[in-house]
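J.: Just so you know, the protein sequences line up as chains G, V and P, in that order. Residue numbers for the first sequence follow this note's numbering, so the first one is 1 and each next one is one higher. Residue numbers for the second sequence follow this note's numbering, so the first one is 214 and each next one is one higher. Residue numbers for the third sequence follow this note's numbering, so the first one is 439 and each next one is one higher.
Hints listed in this document are in silico derivations from the structure and should not be mistaken for laboratory results. Heads up, some of the hints might be wrong.
Claimed, not checked - Derived DEER-like restraints, expressed as beta-carbon distance ranges:
(1) Ala273/V / His572/P: 54 to 62 angstroms
(2) Thr610/P / Val199/G: 42 to 50 angstroms
(3) Pro136/G / Ser460/P: 43 to 51 angstroms
(4) Val47/G / Leu218/V: 23 to 31 angstroms
(5) Gly52/G / Trp231/V: 30 to 38 angstroms
(6) Gly52/G / Gly545/P: 42 to 50 angstroms
Stated by the list, open to error - Beyond 12 angstroms from chain G on every Cβ pair, some chain V residues (computed):
(7) Pro234
(8) Leu260
(9) Leu275
(10) Gly341
(11) Met342
(12) Arg425
Note that beta-carbon positions come from the ideal geometry of N, C-alpha and C, so glycine has one too.
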Amino acid sequence: MTIDWGWFPDHQSDLVTLTLDHLSTAVPAVLFGLLIALPLAVIAHRVRPLRGLLLGLSNILFTIPSIAIFVLLLPVTGLTRTTAITGLTIYTLVVLLRNTVEGLDSVPTKVREASTAMGARPLRTLLTVELPLAFPVIMAGVRVATVMAISLVSVASYIGYGGLGQLFTDGFQRNYPTPVVAGVILSLVLALVADAVLVTIQWLCTPWLRRRA
Amino acid sequence: MLELLQSLLRWLTSGSQWSGPDGIATRLLEHLQYSLLATLVAAAIALPVGLLIGHTGRGAFLAINLSGFGRALPTVGLVTLVFLASGLSMWPVYVSLVALAIPVIVTNTYAGMAAVDPEVRDAARGQGMRWYQVLFQVELPLALPLIMTGLRLACVQVVATATIAAYVSFGGLGRYVFDGLAQRDLVQVLGGAVLVAALAIALDLALAGVQRLLFRNRPPRAHAH
Amino acid sequence: MISFKDVSKHYPNGTTAVDRLSLELPEGGITVLVGTSGCGKTTTLRMVNRMVEPSSGTVSVGGRDVLKADAAELRRGIGYVIQQAGLFPHRTILDNIATVPLLLGWGRRKARARAAELLELVGLPADAGKRYPHQLSGGQQQRVGVARALAADPPVLLMDEPFGAVDPVVRTQLQNELLRLQSELRKTVVFVTHDIDEAVRLGDRIAIFRTGGHLVQCAPPAELLASPADDFVAGFLGAERGLKLLSLSTLADVEREPVPADGQRWRLVTSERGEPLGWRDTEGPEGDRAPLLPVRPLRDGDSLLTALDESLASPAGLVARVDADGVLTGITGRDAIHEYAGQRHAEAGRAAALKNAAEAPGTDGTSGTDGTSGDGTSEADGTSGDGTSEADEDPKSSDTSVTA
Numbered sequence: 001m002t003i004d005w006g007w008f009p010d011h012q013s014d015l016v017t018l019t020l021d022h023l024s025t026a027v028p029a030v031l032f033g034l035l036i037a038l039p040l041a042v043i044a045h046r047v048r049p050l051r052g053l054l055l056g057l058s059n060i061l062f063t064i065p066s067i068a069i070f071v072l073l074l075p076v077t078g079l080t081r082t083t084a085i086t087g088l089t090i091y092t093l094v095v096l097l098r099n100t101v102e103g104l105d106s107v108p109t110k111v112r113e114a115s116t117a118m119g120a121r122p123l124r125t126l127l128t129v130e131l132p133l134a135f136p137v138i139m140a141g142v143r144v145a146t147v148m149a150i151s152l153v154s155v156a157s158y159i160g161y162g163g164l165g166q167l168f169t170d171g172f173q174r175n176y177p178t179p180v181v182a183g184v185i186l187s188l189v190l191a192l193v194a195d196a197v198l199v200t201i202q203w204l205c206t207p208w209l210r211r212r213a
Numbered sequence: 214m215l216e217l218l219q220s221l222l223r224w225l226t227s228g229s230q231w232s233g234p235d236g237i238a239t240r241l242l243e244h245l246q247y248s249l250l251a252t253l254v255a256a257a258i259a260l261p262v263g264l265l266i267g268h269t270g271r272g273a274f275l276a277i278n279l280s281g282f283g284r285a286l287p288t289v290g291l292v293t294l295v296f297l298a299s300g301l302s303m304w305p306v307y308v309s310l311v312a313l314a315i316p317v318i319v320t321n322t323y324a325g326m327a328a329v330d331p332e333v334r335d336a337a338r339g340q341g342m343r344w345y346q347v348l349f350q351v352e353l354p355l356a357l358p359l360i361m362t363g364l365r366l367a368c369v370q371v372v373a374t375a376t377i378a379a380y381v382s383f384g385g386l387g388r389y390v391f392d393g394l395a396q397r398d399l400v401q402v403l404g405g406a407v408l409v410a411a412l413a414i415a416l417d418l419a420l421a422g423v424q425r426l427l428f429r430n431r432p433p434r435a436h437a438h
Numbered sequence: 439m440i441s442f443k444d445v446s447k448h449y450p451n452g453t454t455a456v457d458r459l460s461l462e463l464p465e466g467g468i469t470v471l472v473g474t475s476g477c478g479k480t481t482t483l484r485m486v487n488r489m490v491e492p493s494s495g496t497v498s499v500g501g502r503d504v505l506k507a508d509a510a511e512l513r514r515g516i517g518y519v520i521q522q523a524g525l526f527p528h529r530t531i532l533d534n535i536a537t538v539p540l541l542l543g544w545g546r547r548k549a550r551a552r553a554a555e556l557l558e559l560v561g562l563p564a565d566a567g568k569r570y571p572h573q574l575s576g577g578q579q580q581r582v583g584v585a586r587a588l589a590a591d592p593p594v595l596l597m598d599e600p601f602g603a604v605d606p607v608v609r610t611q612l613q614n615e616l617l618r619l620q621s622e623l624r625k626t627v628v629f630v631t632h633d634i635d636e637a638v639r640l641g642d643r644i645a646i647f648r649t650g651g652h653l654v655q656c657a658p659p660a661e662l663l664a665s666p667a668d669d670f671v672a673g674f675l676g677a678e679r680g681l682k683l684l685s686l687s688t689l690a691d692v693e694r695e696p697v698p699a700d701g702q703r704w705r706l707v708t709s710e711r712g713e714p715l716g717w718r719d720t721e722g723p724e725g726d727r728a729p730l731l732p733v734r735p736l737r738d739g740d741s742l743l744t745a746l747d748e749s750l751a752s753p754a755g756l757v758a759r760v761d762a763d764g765v766l767t768g769i770t771g772r773d774a775i776h777e778y779a780g781q782r783h784a785e786a787g788r789a790a791a792l793k794n795a796a797e798a799p800g801t802d803g804t805s806g807t808d809g810t811s812g813d814g815t816s817e818a819d820g821t822s823g824d825g826t827s828e829a830d831e832d833p834k835s836s837d838t839s840v841t842a
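For reference, chain G alone in the conformation it holds in the complex (with noise of 0.2 angstroms):
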């Protein structure tokens, strides 16, 4: 298996676009994901009976072949970046949805109790105590939901949306190895990269976590 170099510099700009059409496609998803998961994962916190049946569902989802939801997805969404975007969403989910109960959980209820006892009402209780002390957790599920959407993008390219995983196609199609290697390290540059951001986010977001200089 040769690479030819000479190939890299001749495609700069395609690169360039296949990996913002890779974000374009990852992002949204995260986003997406998170904004489904908040709401489910208070409900499944505060009401237990709904827990399980919320996590149970969003675990089987989990075990569905990405391919194929994305192929499911076509009937509905036809062959748009919504397709793509909506099956990652739905792979998201999961590690979204268990780690905001996680963190949920993780709020201490004596720290809970305290804000309640001083008279905060449960929404307020919820957004100024119990949100940023589970957000740690909550984001370390933000972290791997990204680096694993932004690998799965590349299964999107049987719809035609695979960012970066066109390169695999295309590779594939014509036995030629090099825009498979520049596929997988661009993408995986693009996940440490992302991963990188959402820690700087991270720490940016927490104070109280870092030790007094």
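Chain G is fixed; fit chains V and P onto it per the hints.
T.: Below, chains V and P without anything else, positioned relative to chain G:
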């Protein structure tokens, strides 16, 4: 929608669909074989690594980053790459499935070991246990629930991803998904997906049962990723 | 200020946390709820700010039924301090203290200014305000907890084993601090603890609970110690009830005698300003050259227990008493302390008996019980009067048996 479900039910229950070299029974066994072998190989590599990192406390940073790296690896790309490098063989399937499972098992094993109360570890050493006695008689049993969680998670992911074998022209339940995709036969895709999901859930439940048998006397614990 | 009328709390699993409790807590005092775990004291406390709702009966604060109030608003008007403070780990100390003012809509600047004031009030340095809770010691965190509860100047303060998680030295400091604050602020404080010594130290009144949520006795500490209602209370108060009672009275009203003139065996040597320096044994072999034996001068505010201790430690059997500036004002002998302690005990016992008689006319049972519960030690007390014996364990029980 209802029509689709009815066709799916017909597809799943027709006798002819189950028999023969293209039948569900054969595909199911193939799928099971890929998944179990990959999980076992991954466990054989990942468990010692995770235990060692957890016991010594060294290399934790490596373990965590390795798992991030493993998750970031696009499976389709890896399969394609190994396929192009090795030609028509089972290598692409196994390499990518094992690569997928290792990080999950390593991190959970490490998390389990890290969660062992340092005082318990200290007490074991204080009573004169050697390092391997501490590892196998104290740490491992205490870390087992989380280790099992890791194995279950890895298993579920491997089963779902083993679909990819069909992409490089092998068998397994992925055949229905890819063939259905090529033939625009939604019922077949759905059938394949349902079977994969059912297999994953069945394996997960089986492992959960084993776990429950092993730890009947333990309080339930939260799991990590 | 706070009243419980026939209040019960049952849980769905069948346990009764509080059983038909009726209790009035007067304004501006510390009432300590004390008892073993599972006796319902914490539940009682939590019913005041509706963290727990009563199954039956009425809890009212300031004459208003708590169930008729909006829970959140009710709570904003009641300070709440819990063990390990329950501080918000993600907010700075200043923002923690400012919580209730912000909930009340004071605006950030005013709330912060108030928080800074409170930081000082509870004796924390101003730069602590910018830190996060985990950067403070346990004792400091507990102070922040108190400051946070006081932030909006609520008339009522609920404290649920607030000092349970700190070491004994810090606990004593925090208790002193609380007494100091209370003397300034005069809040109505409800304080839960399982530590009877803490209860005696802090309480203006002590309510003793028994497992199953029964209130057994509620009385000022002196009355409680002098005449426990039954064996349970007596057992809970512990064997050294007499000593605890001594710790409640001060030396102020004990008669002061002039410093003995020279010629006695023990001479109290003072500085030029009149501060006691030590005792000298003038009849020893070294005569006037004899080394000084230590003296611990006591002020009027010191407890009888301390005085008794010093009278035993002092070679002359005498306590040197000084004014606020440390200048010698007189001495008091061991006998005088014993006698006064005995009187105090009798008074407390008589007050309790009178109250019991008034509450339950015709049944003299309670005061009778008192006599017997004190009996175990009263035999030895015949000798305590002469002051020369070692029988200073419980010098006032003799008087109790007289009243009984």
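J.: Enumerate the violated hints, using their earlier numbering and listing them in ascending order.
T.: The structure breaks only hint 1.
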